[in-house]
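Spelled out from the first residue to the last, the chains are:
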Amino acid sequence: MEFYSGGSLETQAYLRYTMQKEIKPPRLFLRFFRWFCTKELLDSIEGDLLELYHDRLEKEGRFKADSKFIWDVLLLFRPGIIGIKNSEYKTNHIDMFLNNFKIARRTLWKNKTSTLINMLGLSIGITSCLLIAMFINHEMSYDSFQPNAKRIGRVVMEYSFLGSDESEKGTFTSTKVAQVFSSTFPEVEKGIRMSKSAAILQLQGSPVTEPDFMYADSTFFDAFAFTMLQGNPKTALNGPDKVVLTESMAKKYFGDSNPVGQGLEIGESKTMFEVTGVMEDYPYNSQFRFDFLASFSSLGQNQNNTYWNANYTTYLLLQDQSSFGSLAEKIPPFMEKESADVGANINFTLEPFDRVHLHSPYSDFVPNTSIEYLYMLAGVAFLILVIVCFTYINLSTAKSVERAKEVGIRKVSGAQPSQLFWQFIGESCLLSGLSVLVSIILVYLFLPGFNNLINRQLHLEDLLTPVFIGFALSLVLVISLTAGAYPALILSKFQPMKVLKGVFKNTDSAKWLQQSLTVFQFGISVFLIIATLIVQGQLNFIHSRDLGYDRSHILSLPVGWGTGFQKVNTLKKELKSNSQILEVSRTGSSPVSISSGYSMNLPTRPENEVIAVNGNPVDENFIQVTGLELLAGSNFTEQQVMQTDSEGNDELAFHYIITESAAAKFGWSPEEAVGKEMILNDQGPVVGVIKDFHFQSLRNDIQPLVLFTASWGGRLLVKINGENIPETLDFIEKTWDKVLPEMPYSYKFLDEDYTRMYQSEMQLGKIMNLFSTIAIILACLGLFGLSSYLIQQRLKEVSIRKVLGASTFQILNILSGNFVRLVLLSILIASPIAYWAMGLWLNDFVFHISTPWWAVAVAAVITLAIGLLTSGIHGIKAALSNPVKNLKSE
Amino acid sequence: MKKYQLGEFEEVVMLTVGVLFDEAYGVSIKNEIESRLNRSVSVGALQTALKRLDEKGYLKSREGESTKERAGRPKKYFRITALGKEAMHYTRQTREELWNSIPEVAWKLKLT
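So the sequences go chain by chain: L and E. Sequential numbering from 1 applies to the first sequence in this note's numbering. Sequential numbering from 891 applies to the second sequence in this note's numbering.
Partial selection, computed: residues in chain L whose CB lies under 7 Å from chain E:
1) Asp43
2) Glu46
3) Leu75
Label-pair restraints from in silico Cβ distances:
4) L:Arg78 <-> E:Arg982: 27 to 33 Å
5) E:Arg982 <-> L:Asp55: 31 to 37 Å
6) L:Asn99 <-> E:His979: 49 to 55 Å
7) L:Asp55 <-> E:His979: 31 to 37 Å
8) E:Glu898 <-> L:Glu40: 24 to 30 Å
9) E:Ser956 <-> L:Ser474: 48 to 54 Å
10) L:Arg78 <-> E:Glu986: 31 to 37 Å
11) E:Thr957 <-> L:Leu828: 55 to 61 Å
12) E:Arg982 <-> L:Gln495: 53 to 59 Å
13) E:Thr957 <-> L:Lys796: 49 to 55 Å
14) E:Ser956 <-> L:Asn99: 34 to 40 Å
15) E:Gln983 <-> L:Asp55: 33 to 39 Å
16) E:Arg982 <-> L:Glu40: 27 to 33 Å
These are computed hints drawn from the structure, not numbers from a lab. All C-beta atoms in this analysis are idealised placements derived from N, C-alpha and C, irrespective of residue type, glycine included.
Given the sequences, and given the hints that come with them, work out the whole structure.
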């Protein structure tokens, strides 16, 4: 960039003169001429050009004069006339650069307070940005190592029963989909079915639960890239009872011996699987997390002729990316035909695999991150940067009074505005460059803690990629240009005469800028405080909301679906013998999350009609354990549960307890419902009605639920009284090992399970807390520095007022009153914006807090207090200082 | 060996500066050449020539008055220096020598 002052006073007078007559030569070309023409010829040639222009204007008219002027200018663009700017002095650029550097170093060193504040602010700001950028980069990189990511689609099933307008949607599909789709649609190259669950393995004779056990078709390795260390990926999963291990699992189970060809006992039934391969451990940015990959055929499924039994995930490898479009058109008509005789509307859509992690509502094996959270974080990072830059601008404009003399002298000695400009930019470059170095050290120090907070494994090496080096460099560039440009422009434009005469004061526009930047900074802080309070409020609400059931001191233990009724009953009885254990219940799902859909019907309705409900198989203790409230009827009896035990009974008989909203759905009041017959699995009577409770995330509405008697639930809920917990846990484990030695023992508290549902919100809450605190600190830092400078400048005024008898309070009021007004203004501006933005976030939850008015009050009090405190410190110092001292100087 | 370098256009400019004597500045030189020689001269060409002649020391310039018409821009007047005069004489002399050296026969054969 070249800053050329553009013509002397005379030219300006001329331009005014011609403007009055409304005739001027084409300005663009005049400027162009001034730009290229060498200095010593400029004036006289320009005079010639203007004289000619006027002659021609009179003789030949405007158009000819203009065009001849342009022609002349263009012909003047020749070597003898084009001059190099600043050619009067042949400056030594390297020396100049080094000199600038030296001056910058000296200035920074001289103004220790402002340098420290700026460095501190910039380093914290850049560190935050780098951490956030690393996090975002990590989230964006999910599955990017998959070469086929662009042409893999995940199948989403949507169905609604005939006559019902409610549809269910999710990534559950039956095993039929992959087969039918790959044979029907030429766009589909391969279909891959998957199913992930925990599995029990035998490690040196004792059972171990492996959480990451996955079944997949042999086509898995055609679509997804995972490096095989041993074994052939093409054939490894051909045929039943084959399994591929990760490297670390191979170590765990086989030590140093070669696992390929050896056997592993898997499942409750201890089926022998043959190890056919070893693959590298999955990368940490993979959606798929599995330590074991077993052949899908091991599941022994033969249900290819139904779209129901939708318990599997299906991926399709497509011919190319464009197949998504043509399949989206082809599938609905095809499925309309297919589902005609199923009694339901079934449709499938495809989700691009590479959009799953950030855009899909359905997670894979890793909880998804919503792209909105990433936007929110990027926004926070940006706001932090803005605050930091504003602090820098504010401090430099405040300091400009001090530096005015330096600028004046430099100008008088012949410094060009552009040289001064670059000097100041150089200063901010040096400062932000140093800050980046400090930041990298800070990132290194804080990364483990940050990883802990966000539950990820980010590595410092990520910072060494070209992308990040570029990012850091552009941060330096952006910061030094945005933060340095304004002061540089202001300072380099100072009129040396005024400055050196000593009447220089900050201009009104500089004051206006300082004030608006301060308002902006505090506005951002207010916004972040309100946002944080609302996120925290919602999280507290989630934690403390009465869900309609009790979840404290309840353990949830996987007991195995296949474990017999008698055995579990024995376990229950043994456990209950301990006085610390209040109640034990066997159930399908814990009340935290019940998502199994069942179709049911009433005997009074047409036979082919079905109603979709959520269902949960439970025993007679479920209601006591969970503290659910019976509105009408009674609880199940042990007798009724025993009737569903297939070992002892040929005739299965079911009994039902429904929630009030389920009763309402069938058109009954709670009292009416008791005794009514309904059909789910089989026909049976409703024995009780319970109050509605939240058995799903608060993001969802409360849905109808049916509890039915069953002796086969895969989970044991144990309610303990909360005293001597370690002892009780010890007792439970001992009893377990005695009664159920073939099942691995593991437990979780329901509270933890519940919290896990809101993991991403919790994370957001923590991150928001952290970064809004940082933003507030940075804004305060800025105000601290600014007020210190502004008050310094008014020290004489303060002293005179004091001598004349002003009280400390009055002086404080004069000094800090303005800041208070600015902070108030920022509260006024930021609160509605924060309210609006956070309202959008809250609407994501069906059950949420109403946006609290007190958040604004709290934010206002906090910012005001901080504002008062930071500016007040200097105010008090000034007000209490000895006026004689201040007035004596100079 | 060339003693003085003077191009054709440069020579015309020098001569015009001489003709105009005390009134030789950009526009007047341009107008004079255009009216006398009936050839159009661009400001660019003229200024480059003037600059070159100035650098060679054949012309010297002085800042003149500024007029309203020129938006207060000064005129740059040119005068021929002693060196310039020598150069012009030299050029003229060489030309004349050449002229004089053309044998009469050459003129007579001009029809062929």
